[in-house]
Structure formats: structure tokens, C-alpha cells
Amino acid sequence: MSLLPFVLMTSVGAVLALLLRRNERIATAIAVVCLLGAVVTALAIRPGQSVVVGGAGFATTEYLRLFLVLGAIAGLLLAIVGQAVGSRRDVPAVTLGVLATSALALSLPDARLAVLAATASGGFGALVTLVPIGGRGGSTVGTRVLRATVVAGTMAIAATAWIGRDLTDLAAQPVVFGLAYLAFALAVAIRFGAIPAHAWAARLTDTVPESTLPLVTAWAPAAFAVVALAWADASIAPLLVDLDAVRFVVLAIAVISIVLASLAAFVQEDIEHVVGYAIIGDAGVVLLAIAALDPAAWAPARTWILAFVVARSAFAAWAAATRTAFFTGRVADLRGWAIRRPDLAAVLALVVIASVGVPGLAAFDARAAIVGLAVDGPFAALVLLGTLTPLAYYGRLFLVGLGRPEGRQGRGGAWRPVVAPVDLTDLRGWLARTWSANQAVTAMGGAALLAILALAVSAGAFGASQAAAGLPPTLDVSTESFVPGEPEPEAPADSDAPSAPAVDGEASGTPAP
Numbered sequence: 070m071s072l073l074p075f076v077l078m079t080s081v082g083a084v085l086a087l088l089l090r091r092n093e094r095i096a097t098a099i100a101v102v103c104l105l106g107a108v109v110t111a112l113a114i115r116p117g118q119s120v121v122v123g124g125a126g127f128a129t130t131e132y133l134r135l136f137l138v139l140g141a142i143a144g145l146l147l148a149i150v151g152q153a154v155g156s157r158r159d160v161p162a163v164t165l166g167v168l169a170t171s172a173l174a175l176s177l178p179d180a181r182l183a184v185l186a187a188t189a190s191g192g193f194g195a196l197v198t199l200v201p202i203g204g205r206g207g208s209t210v211g212t213r214v215l216r217a218t219v220v221a222g223t224m225a226i227a228a229t230a231w232i233g234r235d236l237t238d239l240a241a242q243p244v245v246f247g248l249a250y251l252a253f254a255l256a257v258a259i260r261f262g263a264i265p266a267h268a269w270a271a272r273l274t275d276t277v278p279e280s281t282l283p284l285v286t287a288w289a290p291a292a293f294a295v296v297a298l299a300w301a302d303a304s305i306a307p308l309l310v311d312l313d314a315v316r317f318v319v320l321a322i323a324v325i326s327i328v329l330a331s332l333a334a335f336v337q338e339d340i341e342h343v344v345g346y347a348i349i350g351d352a353g354v355v356l357l358a359i360a361a362l363d364p365a366a367w368a369p370a371r372t373w374i375l376a377f378v379v380a381r382s383a384f385a386a387w388a389a390a391t392r393t394a395f396f397t398g399r400v401a402d403l404r405g406w407a408i409r410r411p412d413l414a415a416v417l418a419l420v421v422i423a424s425v426g427v428p429g430l431a432a433f434d435a436r437a438a439i440v441g442l443a444v445d446g447p448f449a450a451l452v453l454l455g456t457l458t459p460l461a462y463y464g465r466l467f468l469v470g471l472g473r474p475e476g477r478q479g480r481g482g483a484w485r486p487v488v489a490p491v492d493l494t495d496l497r498g499w500l501a502r503t504w505s506a507n508q509a510v511t512a513m514g515g516a517a518l519l520a521i522l523a524l525a526v527s528a529g530a531f532g533a534s535q536a537a538a539g540l541p542p543t544l545d546v547s548t549e550s551f552v553p554g555e556p557e558p559e560a561p562a563d564s565d566a567p568s569a570p571a572v573d574g575e576a577s578g579t580p581a582p
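Take 70 as the starting number for the sequence shown in my numbering and just add one per residue.
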């Protein structure tokens, strides 16, 4: 199976990087090489393959391939940025672990097993921050991350396990399905750190560097959210059950997260906190898709997820590059940054377009479609305007960047590469000096590449929209799109798949008690 080399490359690389983390140079070199290998092996994945191993089925899809390719590229660039800015060396190891577990989660047709894999993805990042190298502060934050991951995973596992039972002989009450749906939706909210469950995510920015933040709070929860969408569309949406009450709860959390996260990002004094709340706000759109509980939201939701995770990775890389260039991350101390470093201003402009978008871009249209499916009437227009509130904190950053610097502030570092004459007698020293002199340039270059990649994904490049419309992983190979109105693939006559659970006494003709 073409997925196996990718899983082996990322999982073995993550383990080696963690075992050798005391020797930072060796661990980092191994992890970066494995990330390069992850890009190659992800590109080699062939959609439409399936295999059964020990009773568990694995299947590859075009969306799985694209998610892993983008994740490997973004992780590699974030690792380079992390090395350039001198942050913790855990970025490559965390990336490899998240990619390995996400590959399993997105390839498992069984939602129960997929939830376990997606939960392991968040748990891996939490455990990395728990180790003593992070100090007491890292252990405290890691404990909170691990607690949120375990709570969310437990709720999702309970929901999928209950619905996954053989319910053909059980008369199930509608409230049970509503509670299962609500449990999984709240689990996604907790994993993303949506408001009001944002305490752990907000404190994470105090310890985790910018280059690691999107891996823990965006990429890992994104795989979890994709599993939730597939489960809800297959197990809950087909039921003729009134779930308006629980949908309203999920919808309220989504809208509150979108608006209040933008407000919180606007008033933050450190750019890493701005990035953290920006991720929470965009995750609110994912919750809107889950609140829609409509198969029509499947394709736009997965399109938005791809654009969201790459754009927030680019924003985090920009924040890291800006902090390195000006030796500060405080917004008040960055007055005039856009004038002194127009290259960083151009990168942020690309990030704004990729994350907020303009009509015609795939991500913008996907977000508008999600809002229209989740909310009816005039309130839909207000929610759509709410999704544009990130323009407020972006505007603040640009206004500060165009202001006159106060006092004696640095020039913002060199924006062009600096290469001294090659010293053949001390080649190692020359390489070290060249790297040290170009760290700010390297960080900016990584952020620029991520911003360009984010804009391309937001525009629908790489077949993002087509991949997002594809079916979830299934052991029955099919090339049809998961689009409402189209005939579904016919199941084999001898299929032993359980039938949909009945509601209110419709199971086996037995009246409800």
C-alpha cells in the first residue's frame, strides 16, 4: 500500500528525533531529512487503494494525499523557520508525529479507530511539551493540552462507539442521537480551543514558540475535525430526528468563537497571542460546518480546513520572522515595521488574502457556503460579516507598521542574504557564520514560501476543491463525489454492513416503549 512508506517515514523519524533530542544537531538533522522524505512519500500516495490489516481497514483518498503533502511541506518550512529564529528544536519531531497519526486517522473508514488515531495526534504534541526540557512552565502547559486532548478524545470515542453498535434490534430515542452528536461536536470545539474552552489554547502561546503553535492547535485538530464531519454525515445527518436544540448549542459556540477570538486578537499585545486567537477564530468556521449537519457542507468544510491550516502556518511563520527581525514581539514596540521591512509587509498581505480571501477564491466561497448552510435568514449575513472580523487585527498590525518608530529602534535586520568570502581553511566556521548572519533572511524566506503556498491553496490550486468533494475513506473503491443530489454507490447485495439505526420504535417493527 502506498501509504505505508509515509507512515514508516514519519513515525520512525518522530521516535528517533525524540530519543536523540539531547543531541539537538543530530536529532534536528534526522527529523529534517525525514520531513523531506515525508514530502516525497506523500506525493507517491495513490488514491483508491485499500487494505485490511487485523480486522481494521485502511483506504487512501485524494484528500488524504493532499492533506499530507501540504502538512509535510508546511511542517518542513516551519522547522526551517524554527531553526532560524532559535526556538525549541521540537518542531520537526512534533510535525512528524502529527503527520503519522493524521495519516492513520484520515485513512481509517471506521470512525472509532479514526478517533483514536486523531486523539493520539494531539496527545503526541502534548507529551513532547511535558518533558523536563521545557521546564516547569512547559510541563504545566503540556498537562493542560493533554487534559483537553484526553477529554475531547473520550467524548468522541463514546459517541462513535455508541452509534457504532448494532442498533437493528434497538428502539433508540432521538435524544440519544442528539447527545452523541453534541458530544462529538463539543470534542472538536475542545480540541481547537474554541471559546469558552479556550483556556488551554490561550496559555499555550506563552510557552510554545510560533513555529510550533499551528501544529498543535491547527493541524492535529484539523484531522480530528475531518473525522467528525465524516461521522456526522454518515451516522447522524441521514436520521429523521429533530436536532435543532443541540445544533443551536454548536452554532452558538461557533459564532462566539469567530467573533470573540477576533476581538481578543485585536487587543493582544504580543503577536504570538494574535496568532493563537486567529487560529481559534478560523476554527469557528469548522464548527459552523459541523453545526450545519448537512452533507452539502462536506466539500466546502474540507476545502476551508486545507486553506485554514496552511494560512495559519504562514501567519505563525510571519510572526516568528518579525520577532527575529526586530528582537521583540510586542505590538507597541513594532511601530514602523512595515516601512523598515516591506518584505515582511508583503508576506503579511499575502497571509491576509489567503486567510480572509476575496470572492472567487475557493476558501472564501467555501466559507460563504458553510455559513449559508448553517444559518438561515438575515442572521446568515451577520455571521458572514463576523467571519470577516480578522480584518480588524490585521488592520491594527498594518497601522502599527506604518506608524513612526518611537525612540531608537533597530532597522529590522537585513533583508538580503549576506555571504562572506569562502574560507577553505575553515569551511565549517564559514558555514556557521553564514547561517548566523542570514537567520532573519531565512525566517522571512520560509514565511514567504508558506504565504505563497497558503494563497495557492486558498485559490483552489492542487485540486483542493475536487479532493475535498471526494468520498471519505472506504474499502469499496469509488470515484464518485460526495455531493447531495447524486446517486450514491450501490452496496453489494451480500453486504453485511449494519443498517441505519431506527428512531422512535421503527427498529424491527417494535413499538417504542
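Any given hint could turn out to be false.
To be verified - Restraint ranges, calculated between C-beta atoms of paired labels, are given here:
| no. | residue 1 | residue 2 | range |
| --- | --- | --- | --- |
| 1 | D311 | R91 | 41 to 47 angstroms |
| 2 | A268 | D311 | 31 to 37 angstroms |
| 3 | V244 | V336 | 38 to 44 angstroms |
| 4 | V427 | L332 | 20 to 26 angstroms |
| 5 | P486 | N92 | 55 to 61 angstroms |
| 6 | D445 | A268 | 29 to 35 angstroms |
| 7 | A125 | A227 | 37 to 43 angstroms |
| 8 | R115 | V491 | 43 to 49 angstroms |
| 9 | L248 | A449 | 25 to 31 angstroms |
Honestly, the hints are just simulated from the structure, not real lab data. Beta carbons are placed, not taken as given, at the ideal position from N, Cα and C, and that holds for glycine.
Now the hints, each set against the structure:
no.: 1; hint: D311 <-> R91: 41 to 47 angstroms; verdict: violated (57 angstroms)
no.: 2; hint: A268 <-> D311: 31 to 37 angstroms; verdict: holds (33 angstroms)
no.: 3; hint: V244 <-> V336: 38 to 44 angstroms; verdict: holds (40 angstroms)
no.: 4; hint: V427 <-> L332: 20 to 26 angstroms; verdict: holds (23 angstroms)
no.: 5; hint: P486 <-> N92: 55 to 61 angstroms; verdict: violated (29 angstroms)
no.: 6; hint: D445 <-> A268: 29 to 35 angstroms; verdict: holds (32 angstroms)
no.: 7; hint: A125 <-> A227: 37 to 43 angstroms; verdict: violated (20 angstroms)
no.: 8; hint: R115 <-> V491: 43 to 49 angstroms; verdict: holds (44 angstroms)
no.: 9; hint: L248 <-> A449: 25 to 31 angstroms; verdict: holds (27 angstroms)
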